[in-house]
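The chain contents come next:
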Amino acid sequence: MNFFDAACQEPPIKNTRFGICDDQDGTRAYTDVTDETKWVATVINPIQIDLVFTAIDACVIKSDEAPGRGRCDGMLTSSEHLYFVELKDQRSGWTPGAIDQLESTIQFFIQHHDISTFRHKKAFACNKRHPAFQEIDNELNKRFFKDYKVRLDVQAEIIVV
Amino acid sequence: MSKIKIRNFGPIKEGYQKNDGWIEVKKVTLFIGNQGSGKSTVAKLISTFTWIEKALVRKDFDGKWLGQKNRLKNKYLTYHRLENYLIKDEAGNEITEIEYVGDAYQISYKNCFLHIDKIPESRYFLPQIMYVPAERNFIAYVKSPKELRLSSESLKEYVTEFDKAKNAMKGPMSLPINDVFIDYDKLNDVVNIRGDGYKVFLTEASSGFQSLVPLYLVSWFLSNSVKRGSEVTKEPMSSEEEERFRKLFRDILANSSYTDEQRRLALSELPSRFNKSAFINIVEEAEQNLYPGSQWKMLGSLLAFNNTNPGNKLIITSHSPYLVNYLSIAIQGKELLDKVNTKNKFDLFKDKINNILPINSFVDASDVIVYQLDEKKGNLIRLDNPNGIPSDKNLLNMMLREGNQLFDSLLEIEEEL
Chain W
0 MNFFDAACQE PPIKNTRFGI CDDQDGTRAY TDVTDETKWV ATVINPIQID
50 LVFTAIDACV IKSDEAPGRG RCDGMLTSSE HLYFVELKDQ RSGWTPGAID
100 QLESTIQFFI QHHDISTFRH KKAFACNKRH PAFQEIDNEL NKRFFKDYKV
150 RLDVQAEIIV V
Chain R
0 MSKIKIRNFG PIKEGYQKND GWIEVKKVTL FIGNQGSGKS TVAKLISTFT
50 WIEKALVRKD FDGKWLGQKN RLKNKYLTYH RLENYLIKDE AGNEITEIEY
100 VGDAYQISYK NCFLHIDKIP ESRYFLPQIM YVPAERNFIA YVKSPKELRL
150 SSESLKEYVT EFDKAKNAMK GPMSLPINDV FIDYDKLNDV VNIRGDGYKV
200 FLTEASSGFQ SLVPLYLVSW FLSNSVKRGS EVTKEPMSSE EEERFRKLFR
250 DILANSSYTD EQRRLALSEL PSRFNKSAFI NIVEEAEQNL YPGSQWKMLG
300 SLLAFNNTNP GNKLIITSHS PYLVNYLSIA IQGKELLDKV NTKNKFDLFK
350 DKINNILPIN SFVDASDVIV YQLDEKKGNL IRLDNPNGIP SDKNLLNMML
400 REGNQLFDSL LEIEEEL
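Sequences listed follow chains W and R, in order. The letter at position 90 of the first sequence is residue 89 when you use numbering that gives the first Met the number 0, and the numbering goes up by one with no holes. The letter at position 353 of the second sequence is residue 352 when you use numbering that gives the first Met the number 0, and the numbering goes up by one with no holes.
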């Protein structure tokens with residue numbers, strides 16, 4: 000399993016604002032700079048860092064690979080950033096599933112690569128259409144950070160700093 | 000560390016079901032739960048028994064006197080108006096049971112009698128105990144405890160300390176919220192709130208200020224006076240001091256020229272002449288009338304005051320998820336600070352951390368305990384603390400979650416249309 004397989008990567012993108020989309024038809028997730036209605040997650044990149052989007056579901060991890068194990072839609076990387084992204088558009092109860100998929104992907108990643116080379120590591124569970132009211136999630140965030148050194152963020156905006 | 004066991008008292012029925020029933024009182028203890036679930040009852044009992052222990056240490060009375068029937072009910076429960084909280088069974092027998100273990104005495108209550116045991120070889124810090132009642136907003140309107148003759152004893156004492164705190168102010172004091180100052184006009188005995196280009200009387204200020212100003216001032220004053228006392232000597236009272244203290248105390252009690260009020264004031268003044276070395280701050284509904292951001296700042300201040308002395312304790316009842324959240328952040332801060340110190344990088348990161356949360360409000364995970372009370376079962380459970388922080392699966396946060404679920408249920412019905 001190669002999370003840096005060039006076949007799953009898009010060319011670097013440095014727009015200050017772009018979207019990550021998933022057509023929910025079994026195909027892989029992709030970035031878009033024009034049609035905001037399609038964006039499930041909005042990436043805010045004010046200092047225009049070169050970001051590479053890699054499709055994980057249906058590419059790094061093939062659809063028939065690792066049955067029963069969750070995987071997230073993609074990741075954004077730079078030399079310093081490792082941002083895992085799971086996109087959801089279902090109406091209710093989407094957060095636990097998204098978090099499980101992110102966690103499972105991080106476990107795969109750690110199995111195959113050295114996660115410590117990235118300075119900023121985050122996992123985003125995004126749902127533009129049906130965001131949940133915020134609850135306090137220190138407990139989950141702390142466990143995530145303790146287990147993987149990855150900070151968890153549940154919202155539809157990915158701010159790259 | 001002290002602990003208390005409560006069965007069949009007011010809303011508390013079966014009490015705490017684990018740890019052999021012992022509710023531990025740590026440096027920071029938080030009680031959360033529905034109204035009527037007994038948060039304040041537990042806090043008031045902790046206050047009462049801590050006070051009895053202090054009175055035993057300074058020999059206000061002996062165990063024999065205290066051991067007479069109904070002493071607790073008639074003499075001590077009235078202070079917090081708890082005298083009607085004792086419970087009887089159908090046959091009319093009282094079934095309330097309370098046990099308290101402090102640092103100097105073990106006190107138990109059963110069948111209308113208190114029983115006292117001295118804990119041998121104990122090290123006791125004479126505490127200043129303050130119970131901050133929920134009805135504290137009223138005191139913005141009164142100038143002296145006398146005006147509160149009909150109100151509770153605990154409120155009267157709070158007003159007395161508020162008076163002392165006002166008089167101890169050396170000039171304007173900044174409040175932790177809204178970038179404002181407190182001014183005390185001694186001549187007219189008026190407290191003012193002063194902000195950028197305005198000044199209002201505390202009586203005219205918003206309810207949040209009326210709740211916070213007395214809480215802040217009294218906590219500041221008492222923690223500072225205890226700190227000063229303990230800086231003089233770090234040791235508990237010597238036996239000689241104890242004897243002197245007892246004599247003065249007996250003299251005041253025996254002095255028939257005092258009115259009841261004068262005697263009460265003289266007695267409350269007396270300990271300040273000795274070395275109180277702990278401040279036990281018991282705050283009912285700490286978040287009262289405050290915006291969430293202000294609740295954080297208020298708690299930050301109380302934690303900072305609590306940190307001024309090793310023996311200090313902060314006991315809070317609350318309905319606010321923001322307070323639990325702040326505790327989590329303060330605990331995480333302490334954990335980070337320890338790591339920073341281990342790597343000798345305090346100077347490097349001090350400002351960065353202070354910008355997030357004041358370092359003086361940080362608290363160690365092992366010093367925090369949260370109990371949740373259930374009014375239907377009349378019991379308490381200790382909130383889990385995964386990785387050291389209070390669990391987000393607490394009643395207050397779950398209520399926010401329930402908001403999500405209710406909203407979603409309406410969408411689900413709409414889907415069926």
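Derived by calculation from the structure, the hints in this document are not laboratory data. Heads up, some of the hints might be wrong.
Below, a list of computed lysine-lysine pairs in the DSS-like style, where the Cα atoms sit at most 27 angstroms apart [unchecked claim]:
1) W:K121 - R:K58
2) R:K376 - W:K145
3) W:K141 - R:K226
4) W:K13 - W:K37
5) R:K109 - R:K376
6) W:K121 - R:K351
7) W:K145 - R:K375
8) R:K342 - W:K145
9) R:K109 - R:K165
10) W:K148 - R:K226
11) W:K145 - R:K163
12) W:K145 - R:K344
13) W:K127 - R:K349
14) W:K148 - R:K351
15) R:K185 - W:K141
16) W:K127 - W:K141
17) W:K141 - R:K58
18) R:K25 - W:K121
19) W:K145 - R:K12
20) R:K392 - W:K141
21) W:K148 - R:K344
22) R:K163 - R:K226
23) W:K148 - R:K338
24) R:K109 - W:K141
25) R:K351 - W:K141
26) W:K121 - R:K375
27) R:K342 - W:K141
28) R:K12 - R:K58
29) R:K165 - R:K12
30) R:K338 - W:K145
31) W:K145 - R:K392
32) R:K392 - W:K148
33) R:K349 - W:K121
34) W:K37 - W:K127
35) W:K141 - R:K117
36) R:K344 - R:K376
37) R:K17 - R:K375
38) R:K344 - W:K121
39) R:K375 - W:K148
40) R:K375 - R:K25
A quick look at each hint next to the structure:
1. With a C-alpha separation of about 60 angstroms, the suggested pair W:K121 and R:K58 falls outside the 27 angstroms cut-off, and the hint is violated.
2. Restraint check for R:K376 and W:K145: not satisfied, since their Cα atoms lie roughly 36 angstroms apart, outside the 27 angstroms limit.
3. At roughly 35 angstroms between alpha-carbon atoms, W:K141 and R:K226 are farther apart than 27 angstroms, so this suggested pair is violated.
4. At roughly 19 angstroms between alpha-carbon atoms, W:K13 and W:K37 fall within 27 angstroms of each other, so this suggested pair holds.
5. Restraint check for R:K109 and R:K376: the C-alpha separation of about 22 angstroms stays at or below 27 angstroms, so the hint holds.
6. Proximity of W:K121 to R:K351 is assessed by CA-CA distance (about 21 angstroms); at most 27 angstroms being required, the pair is judged to hold.
7. The straight-line distance between the Cα atoms of W:K145 and R:K375 is roughly 37 angstroms, outside the 27 angstroms bound, and the hint therefore fails.
8. Straight-line distance between C-alpha atoms of R:K342 and W:K145 comes to about 19 angstroms, which keeps the hinted pair within the 27 angstroms bound.
9. A hinted pair counts as satisfied when its Cα atoms are at most 27 angstroms apart, and R:K109 with R:K165 does not qualify at roughly 42 angstroms.
10. Our distance criterion of 27 angstroms between C-alpha atoms is broken by W:K148 and R:K226, whose separation comes to about 40 angstroms.
11. Between W:K145 and R:K163 the alpha-carbon distance is near 47 angstroms, which puts this suggested pair outside the 27 angstroms criterion.
12. A distance of roughly 21 angstroms separates the Cα atoms of W:K145 and R:K344; the hinted pair therefore holds under the 27 angstroms criterion.
13. Between the alpha carbons of W:K127 and R:K349 the distance comes to roughly 37 angstroms, so the proposed pair goes past 27 angstroms and is violated.
14. For the hint pairing W:K148 with R:K351, the CA-to-CA distance comes to about 20 angstroms; that is within 27 angstroms, so the pair holds.
15. Taking the CA atoms of R:K185 and W:K141, the gap is near 49 angstroms; set against the 27 angstroms cutoff, the hint is violated.
16. Using a Cα cut-off of 27 angstroms, the hinted pair W:K127 and W:K141 holds, with the two alpha carbons roughly 25 angstroms apart.
17. Distance check on the hinted pair: W:K141 and R:K58 sit about 49 angstroms apart at the alpha-carbon level, beyond 27 angstroms; violated.
18. Distance restraint check for R:K25 and W:K121: the Cα-Cα separation of roughly 35 angstroms exceeds the 27 angstroms cut-off, and the hinted pair is therefore not satisfied.
19. Pair hint W:K145 plus R:K12 does not hold up; C-alpha atoms about 39 angstroms apart against a cutoff of 27 angstroms.
20. Only pairs whose Cα atoms come within 27 angstroms are accepted, and R:K392 paired with W:K141 is accepted, the gap being roughly 14 angstroms.
21. Restraint check: the Cα-Cα separation between W:K148 and R:K344 comes to about 20 angstroms, which is no more than 27 angstroms; the hinted pair holds.
22. For the suggested pair R:K163 and R:K226, the alpha carbons sit about 16 angstroms apart, so the restraint of at most 27 angstroms is met.
23. Restraint check: the Cα-Cα separation between W:K148 and R:K338 comes to about 15 angstroms, which is no more than 27 angstroms; the hinted pair holds.
24. Restraint check for R:K109 and W:K141: the C-alpha separation of about 44 angstroms exceeds 27 angstroms, so the hint is violated.
25. Restraint check for R:K351 and W:K141: satisfied, since their Cα atoms lie roughly 20 angstroms apart, inside the 27 angstroms limit.
26. Pair hint W:K121 plus R:K375 does not hold up; C-alpha atoms about 42 angstroms apart against a cutoff of 27 angstroms.
27. Under the criterion of a C-alpha separation no larger than 27 angstroms, the hint pairing R:K342 with W:K141 is consistent with the structure, at around 21 angstroms.
28. For the hint linking R:K12 to R:K58, the alpha-carbon distance of about 33 angstroms lies beyond 27 angstroms, and the restraint is violated.
29. Distance restraint check for R:K165 and R:K12: the Cα-Cα separation of roughly 41 angstroms exceeds the 27 angstroms cut-off, and the hinted pair is therefore not satisfied.
30. In summary, the hint linking R:K338 to W:K145 is supported, as the alpha carbons are separated by about 14 angstroms, within the 27 angstroms threshold.
31. At most 27 angstroms may separate the alpha-carbon atoms for a hinted pair to count; W:K145 and R:K392 meet this at roughly 19 angstroms.
32. Only pairs whose Cα atoms come within 27 angstroms are accepted, and R:K392 paired with W:K148 is accepted, the gap being roughly 22 angstroms.
33. This hinted pair checks out: R:K349 and W:K121 have alpha carbons roughly 24 angstroms apart, not beyond 27 angstroms.
34. Pair hint W:K37 plus W:K127 holds up; C-alpha atoms about 10 angstroms apart against a cutoff of 27 angstroms.
35. As the CA atoms of W:K141 and R:K117 are separated by approximately 43 angstroms, the hinted pair breaks the 27 angstroms bound.
36. A C-alpha spacing of about 49 angstroms is found between R:K344 and R:K376, which places the hinted pair above 27 angstroms, so the restraint is violated.
37. Among the hinted pairs, R:K17 with R:K375 is consistent with the structure: their alpha-carbon atoms are about 18 angstroms apart, no more than 27 angstroms.
38. For the suggested pair R:K344 and W:K121, the alpha carbons sit about 25 angstroms apart, so the restraint of at most 27 angstroms is met.
39. Straight-line distance between C-alpha atoms of R:K375 and W:K148 comes to about 41 angstroms, which puts the hinted pair past the 27 angstroms bound.
40. This hinted pair checks out: R:K375 and R:K25 have alpha carbons roughly 26 angstroms apart, not beyond 27 angstroms.
When each numbered hint is compared with the structure, violations occur for hints 1, 2, 3, 7, 9, 10, 11, 13, 15, 17, 18, 19, 24, 26, 28, 29, 35, 36, 39.
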